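J.: The lines below spell out each chain.
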Amino acid sequence: MKRSIFRTLLICAMLARVAFAAPPQMPRFRFENFTTANGLPNNHVFAVLVDGDRIWAGTENGLAVYENHAWKTYTTGDGLAHRAVLSLALDKRTGDVWAGTMGGLSRISGGRIDSYTQLTSGLSNDVVYGVSVEGENVWVATAAGGCRLNTRTGQWTLYNERNTPMIEIWTYGVSATPSKVYYAVWGSGVLEYDQKTGRWDKYEDPDGENEIVLFKDQGLIHEIVTSVSYVDNILWAATYFGDSRYDGRYWHNFLTKDSGLPSNFTNFIKGVDAKRAWFCTDKGLAYYDGVNWAVYRPSLTDGKPEMTVRDAQGKVTPVAVTTAPAHNYVLGIDFHGDDIWVATAKGLSHGIRQKN
Amino acid sequence: MSRRIQSVAGTWLVTMTVAFLALAFLTDRPVRAGENDVKDYASPIEILLSPDGSRLYVLCQQSEEVRVLDVSSYAVVKNIAVGRVPRGFSLSSDGAKLFVANSWDDTLSVIDTRTLTVTATWPVGAEPSSVVEDRTGKRLFVANRISNDVAVLDAHTGEETGRLLAGRGASYLTLSPDGSHIYATHIYPNPSRVRSDLDNRTAPESEITMIDAPRAVVVDRIPLHRIAGVFHTAFSADGRLGVVAEYHPKNLVPLAHLEHGGAFAYTLTLFGMDVGQPVEVPLDELERYAARPFGVAIAPDKSRIFVSCGGSEMVTVIDVPRLMRFIHFRPRSQPVSFASDLSASANYVVARINVGHDTRGLMLSFDGSKLFVANRLDDTISVIDTRANRVISTIVLAGPKTISPLRRGEQTFYTAQYSFQGQIGCASCHIDSTFDGVTWDLEPDGFGRDIVDNKMLEDIKDTEPYKWNGGNPSIPVECGPRTEKYFWRSETYDNLTLTDLATYIRSLPPRPNRWRLANGEQTPAQERGKAIFERAQDKFGKPIPETNRCVFCHSGPKGTNQKLFDVGTRKPTDNSGLLKAPMLTNIALTAPYLHDGSARTLEEIWTVFNPDDKHGRTNDLTKDELNDLIEYLRSR
Numbered sequence: 001m002k003r004s005i006f007r008t009l010l011i012c013a014m015l016a017r018v019a020f021a022a023p024p025q026m027p028r029f030r031f032e033n034f035t036t037a038n039g040l041p042n043n044h045v046f047a048v049l050v051d052g053d054r055i056w057a058g059t060e061n062g063l064a065v066y067e068n069h070a071w072k073t074y075t076t077g078d079g080l081a082h083r084a085v086l087s088l089a090l091d092k093r094t095g096d097v098w099a100g101t102m103g104g105l106s107r108i109s110g111g112r113i114d115s116y117t118q119l120t121s122g123l124s125n126d127v128v129y130g131v132s133v134e135g136e137n138v139w140v141a142t143a144a145g146g147c148r149l150n151t152r153t154g155q156w157t158l159y160n161e162r163n164t165p166m167i168e169i170w171t172y173g174v175s176a177t178p179s180k181v182y183y184a185v186w187g188s189g190v191l192e193y194d195q196k197t198g199r200w201d202k203y204e205d206p207d208g209e210n211e212i213v214l215f216k217d218q219g220l221i222h223e224i225v226t227s228v229s230y231v232d233n234i235l236w237a238a239t240y241f242g243d244s245r246y247d248g249r250y251w252h253n254f255l256t257k258d259s260g261l262p263s264n265f266t267n268f269i270k271g272v273d274a275k276r277a278w279f280c281t282d283k284g285l286a287y288y289d290g291v292n293w294a295v296y297r298p299s300l301t302d303g304k305p306e307m308t309v310r311d312a313q314g315k316v317t318p319v320a321v322t323t324a325p326a327h328n329y330v331l332g333i334d335f336h337g338d339d340i341w342v343a344t345a346k347g348l349s350h351g352i353r354q355k356n
Numbered sequence: 357m358s359r360r361i362q363s364v365a366g367t368w369l370v371t372m373t374v375a376f377l378a379l380a381f382l383t384d385r386p387v388r389a390g391e392n393d394v395k396d397y398a399s400p401i402e403i404l405l406s407p408d409g410s411r412l413y414v415l416c417q418q419s420e421e422v423r424v425l426d427v428s429s430y431a432v433v434k435n436i437a438v439g440r441v442p443r444g445f446s447l448s449s450d451g452a453k454l455f456v457a458n459s460w461d462d463t464l465s466v467i468d469t470r471t472l473t474v475t476a477t478w479p480v481g482a483e484p485s486s487v488v489e490d491r492t493g494k495r496l497f498v499a500n501r502i503s504n505d506v507a508v509l510d511a512h513t514g515e516e517t518g519r520l521l522a523g524r525g526a527s528y529l530t531l532s533p534d535g536s537h538i539y540a541t542h543i544y545p546n547p548s549r550v551r552s553d554l555d556n557r558t559a560p561e562s563e564i565t566m567i568d569a570p571r572a573v574v575v576d577r578i579p580l581h582r583i584a585g586v587f588h589t590a591f592s593a594d595g596r597l598g599v600v601a602e603y604h605p606k607n608l609v610p611l612a613h614l615e616h617g618g619a620f621a622y623t624l625t626l627f628g629m630d631v632g633q634p635v636e637v638p639l640d641e642l643e644r645y646a647a648r649p650f651g652v653a654i655a656p657d658k659s660r661i662f663v664s665c666g667g668s669e670m671v672t673v674i675d676v677p678r679l680m681r682f683i684h685f686r687p688r689s690q691p692v693s694f695a696s697d698l699s700a701s702a703n704y705v706v707a708r709i710n711v712g713h714d715t716r717g718l719m720l721s722f723d724g725s726k727l728f729v730a731n732r733l734d735d736t737i738s739v740i741d742t743r744a745n746r747v748i749s750t751i752v753l754a755g756p757k758t759i760s761p762l763r764r765g766e767q768t769f770y771t772a773q774y775s776f777q778g779q780i781g782c783a784s785c786h787i788d789s790t791f792d793g794v795t796w797d798l799e800p801d802g803f804g805r806d807i808v809d810n811k812m813l814e815d816i817k818d819t820e821p822y823k824w825n826g827g828n829p830s831i832p833v834e835c836g837p838r839t840e841k842y843f844w845r846s847e848t849y850d851n852l853t854l855t856d857l858a859t860y861i862r863s864l865p866p867r868p869n870r871w872r873l874a875n876g877e878q879t880p881a882q883e884r885g886k887a888i889f890e891r892a893q894d895k896f897g898k899p900i901p902e903t904n905r906c907v908f909c910h911s912g913p914k915g916t917n918q919k920l921f922d923v924g925t926r927k928p929t930d931n932s933g934l935l936k937a938p939m940l941t942n943i944a945l946t947a948p949y950l951h952d953g954s955a956r957t958l959e960e961i962w963t964v965f966n967p968d969d970k971h972g973r974t975n976d977l978t979k980d981e982l983n984d985l986i987e988y989l990r991s992r
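Heads up: the sequence lines are chains A and B, in that order.
Using the working numbering, the first residue of the first sequence is number 1, and each one after it goes up by one.
Using the working numbering, the first residue of the second sequence is number 357, and each one after it goes up by one.
Calculated directly from the structure, the hints in this document are not laboratory data.
Fair warning: this is a prediction, and the values are worked out from it, not measured in the lab.
Careful, some of the hints might be misleading.
[Said to hold, decoys possible] Below, simulated BS3-like cross-link-like pairs (lysine-lysine); rule was C-alpha separation at most 25 Å, straight line:
| no. | chain 1 | residue 1 | chain 2 | residue 2 |
| --- | --- | --- | --- | --- |
| 1 | B | K927 | B | K970 |
| 2 | A | K92 | A | K275 |
| 3 | A | K92 | B | K494 |
| 4 | B | K927 | B | K823 |
| 5 | A | K202 | B | K979 |
| 6 | B | K606 | B | K823 |
Given only the sequences and the hints, what does the whole structure look like? Please build it.
T.: Pasting the structure below:
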């Protein structure tokens with residue numbers, strides 16, 4: 001009897017500990033937001049890139065760069081291929097910035113802009129959704145397949161249904177490294193290019209285009225892939241129907257019903273390392289540290305700043321905050337030390353890391 | 357009297373007969389330059405002094421060596437063989453190494469200055485033309501003329517770590533006195549950005565590319581408006597004054613106004629803290645142009661600027677305080693140009709010192725008392741006393757004692773002495789015997805008519821007729837009466853001079869094609885492109901008429917059947933739509949394209965200017981197939 005009472009008390013104590021435990025320590029930020037009111041050329045920010053102490057923002061009306069507390073905007077008059085800048089990449093070896101636009105690809109180098117279009121160059125299509133730099137190669141995701149520009153020789157190589165397993169040629173994102181290159185393909189899963197062998201491989205949703213998941217973690221979560229990020233030999237893939245992590249052997253998928261994702265509709269994904277990643281969704285910005293989740297956004301109901309933390313047991317705890325990203329429709333993110341810069345549909349946000 | 361007349365008549369008859377036979381010979385048969393003609397001349401192009409001032413290093417382009425001279429006696433210490441067609445060299449920061457950029461075999465020779473031997477030969481980018489080491493001795497920067505970039509190399513291993521985007525035809529590098537920045541210039545204008553109906557009539561735009569040396573990134577570009585052809589840069593010892601030598605072509609007016617200074621200005625752009633906003637100042641004066649400025653040196657006390665002017669065969673001396681008074685006479689908030697003011701140079705040019713043919717690199721002694729000047733086409737070094745502004749001695753480099761017809765032709769090509777007021781020579785537009793990337797309105801076709809893109813001269817032997825409209829049957833006709841009448845507007849060549857000039861032009865070999873594989877095979881893309889180039893059926897199985905196949909007009913080893921065709925590119929300003937099929941040799945280098953330069957890239961020839969498939973059947977091709985075709989063309 002005594003043993004039974006003791007056991008019951010122990011269980012209660014353990015439950016209480018779980019129930020009243022402090023939420024995990026997740027990064028907290030004070031967000032400073034930039035809009036047309038304080039220098040941005042347009043509030044619709046498709047992409048953001050951190051380049052040392054310069055911040056580049058690809059907007060619907062020009063490429064803006066923030067330096068020394070001031071914004072400067074490059075437009076088509078400066079040579080930009082198109083006013084709407086969809087993607088950005090930094091060539092760390094040269095300091096050049098590559099911008100994918102709705103009207104071609106632009107290279108920004110020391111203030112000079114050289115643009116490549118489907119008429120003036122070997123670029124396959126002028127709608128450039130994604131760009132990534134690896135060594136002397138610039139990899140491009142366009143509405144008509146992928147391209148690789150060798151900046152040393154000027155040679156363009158196109159990747160499409162004729163020379164890859166790509167069924168659809170609507171490529172949405174690209175992540176290039178010296179070992180592997182991954183393409184996010186709308187309706188055709190993830191394409192993998194092995195730099196050593198020159199071979200292509202393909203990852204698709206085992207359930208096809210069904211909007212159901214028969215077996216969790218059996219493969220890529222969905223065919224409509226919007227973004228890929230390859231870091232520390234881990235592939236992070238975003239779709240409009242959940243997200244995936246792939247370690248070369250096993251898949252792990254994330255859905256709102258079994259993770260801290262605020263939405264399955266993910267525009268952009270960026271891995272920090274093998275464990276951690278940021279998810280840019282239509283219902284806020286999410287961070288995953290390998291176990292726990294944090295979500296940052298203006299409240300979906302009253303618009304007030306909101307941060308929530310979800311622990312490994314699925315318990316969601318609100319964290320009191322006074323600022324949030326400019327909008328909950330998030331399109332891009334980049335890191336600036338411990339700070340983050342976030343592209344949203346209604347402004348650019350600087351998340352300044354706060355001590356917990 | 358009658359004997360004298362007979363004698364004169366006889367001489368005239370003999371001269372004319374020789375000239376006629378030579379012309380006929382040139383027209384009908386290929387001329388091969390003797391091996392000795394090509395190799396034996398030294399052709400000094402750049403000069404350096406060792407840090408202790410005891411040795412003079414002379415970079416000899418044609419003999420492909422560095423000649424080391426003792427400064428006290430000018431005796432040869434050693435000749436060091438380097439790579440093909442060396443174009444630039446520099447000493448390491450500690451003076452222990454000499455780096456030589458070999459432009460035709462894409463290598464860098466590393467010379468130990470103690471043993472005077474080549475200790476390493478590193479492969480580098482396409483057509484390396486200049487090299488500098490950073491102040492720390494960790495990095496080398498190499499300007500690559502063909503790939504339009506500056507390569508960053510590990511100075512100890514030669515391993516390349518990055519490529520920085522420079523101007524088109526990147527060629528000359530200068531380290532700032534404090535070692536913080538490297539300034540890169542380029543010889544061809546950057547591609548035009550905008551497209552309009554008059555796109556092919558834009559003025560050229562160039563730049564000075566400013567590289568942060570410690571970070572090895574491009575941090576700024578100083579625009580040089582209306583400039584095509586930018587050469588050496590020099591800095592004052594305090595780093596406050598930068599000077600760059602350049603050509604300022606006036607290509608938006610017909611090339612028919614030499615009398616009014618309407619062809620070229622030869623200028624310097626000044627920049628830096630002493631100047632503020634950049635200022636372009638002319639070197640020319642009314643009766644004496646300073647054609648083809650190349651090398652620049654500034655006296656250690658910043659009192660004088662020395663500029664070598666290859667076409668005028670002289671060194672121009674500028675008084676810096678007077679120059680500063682001139683440019684600061686009125687306040688400026690914007691960059692300004694005095695390029696067309698032929699009275700300007702009288703305010704600051706204090707001497708013009710005659711030197712040798714195609715004078716190039718300059719080197720001041722460290723105390724500034726002597727200036728060494730490389731006379732490329734005389735195989736001599738002029739030594740100038742900078743206090744007296746006169747040549748005090750001429751160092752003759754070992755070589756042939758006689759001047760061959762080929763060399764005389766080259767001297768004629770590079771001089772401006774035949775044109776009115778010495779304004780222009782062949783090399784003003786055909787920089788280093790190539791082209792200038794600029795479109796011109798030439799007079800013979802009428803003002804505003806037949807706008808033409810300047811063409812590469814290499815390998816043009818036996819591709820008659822010449823001119824885009826095929827109007828000139830031979831090189832002597834192209835270079836003789838036409839040039840004399842419409843370009844020079846002054847002295848005419850005598851027949852032997854014209855013969856020598858034609859000999860030189862016909863001798864110009866093509867530079868190595870950088871898109872071809874070393875083993876002579878083709879890449880898969882080039883193979884696919886070749887099949888498209890030669891195909892007789894389109895993708896729908898329809899036969900392509902023979903005259904509409906690429907390979908028909910662009911046949912033979914040089915890619916031309918030398919006939920005229922209408923490929924649908926006639927513009928309202930063109931007198932005829934019939935154009936000669938241009939050869940394809942090194943076509944990748946010669947943008948813009950089409951007869952009037954309206955296609956900025958090879959792609960635009962077919963994506964923009966071939967709507968009716970008259971310039972070959974191409975509209976059935978996919979984008980990747982068109983890319984393959986272009987990859988093949990680049991390998992021609």
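J.: None of the hints should be skipped; say for each whether it holds.
T.: Each hint tested on the structure:
1. B:K927 x B:K970: holds (14 Å)
2. A:K92 x A:K275: holds (24 Å)
3. A:K92 x B:K494: holds (19 Å)
4. B:K927 x B:K823: holds (17 Å)
5. A:K202 x B:K979: Holds, at about 23 Å.
6. B:K606 x B:K823: Given pair K606 (chain B), K823 (chain B) holds - Cα atoms ~21 Å apart, limit 25 Å.
Of the numbered hints listed earlier, not one is contradicted by the structure.
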